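Student: Sequence:
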Amino acid sequence: MNVHYRNLQRTFTQEAPKPPPSPYQERPWEYLESEEYRVTYGDRPVWHGYRRNHKGAIPPQRTRKACLRKGKRVGNPCPICRDRNLHVDFRNVKLLDQFICPHSGVIFHPTHTGVCMKQHKLLTKAIAQAQDHGLLWLQVPYVPAPRDDFSNQHQAVSKTPPAPALAPGRHWYPWYERRTPPADAIARVRRLYKDYLKKEEEEEVPPAPGTPPAEQKKE
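Numbering (the UniProt record's numbering), first residue to last: 1 to 219.
One or more of the hints may lead you astray.
Using 20 Å as the maximum straight-line C-alpha spacing, the simulated DMTMM-like pairs for lysine to aspartate or glutamate come out as follows [what the hints assert, rightly or not]:
(1) K94 with E26
(2) K94 with E177
(3) K118 with D149
(4) K94 with D148
(5) K70 with D83
Okay, the calculated beta carbon distance ranges per label pair [unchecked claim]:
(6) L138 with K18: 33 to 43 Å
(7) A183 with Q61: 56 to 66 Å
(8) Y142 with R27: 47 to 57 Å
(9) E35 with P59: 44 to 54 Å
(10) A128 with G75: 27 to 37 Å
It should be emphasised that the hints constitute simulated quantities derived from the structure, not laboratory data. A quick note: this is a predicted structure, and the numbers were derived from the prediction, not measured. Built from N, CA and C at the ideal position, the CB exists for glycine as well.
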């Protein structure tokens with residue numbers, strides 16, 4: 001009886017059992033308050049002490065794309081993928097706060113925390129969603145206000161000129177008056193947009209008195 005070795009190998013090999021689902025999958029913020037988390041991480045962030053594996057002495061400027069390949073974890077997964085109880089959710093504020101700089105409010109670069117690019121994109125999206133819901137502080141960038149808008153030297157915010165000082169036919173404020181631009185500026189605009197401007201119709205010169213009217217053309 002000839003039995004192929006491959007068939008026997010397929011028969012007796014057993015697949016590795018899948019890990020059980022996380023008990024904190026529905027409420028991931030409860031894991032950060034559990035005793036298991038305190039024993040594992042203490043008061044430090046989840047990425048503290050993590051070291052990336054890379055070739056050569058200079059690490060690449062980007063982390064790996066994902067820690068799952070063909071449904072299996074790679075060796076030395078990132079700080080979030082290695083713990084099955086860590087789930088990125090916009091309600092998990094304590095986890096998201098570990099990836100934000102407390103001084104500038106900027107999200108840490110993945111090369112600093114070591115998370116893969118897939119988890120970094122999920123973190124960025126969850127942090128923005130948490131800020132929209134008011135769960136995280138939002139750092140508004142400082143924009144200097146232009147001084148011209150808040151100056152009291154302009155005539156519009158100064159004292160109104162008295163009425164007797166106004167000349168007849170003029171506006172109350174000088175900036176309401178119509179100002180003709182210089183001829184050089186008009187010529188420059190006409191030269192730039194000459195292909196888009198309509199041709200000006202020549203003004204008809206009235207005939208001199210005593211001249212006979214022009215004969216109408218025969219059909």
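Student: Okay, which hints does this one fail, numbers in order?
Tutor: Hint check: 2, 3, 4, 8, 9 fail, others pass.
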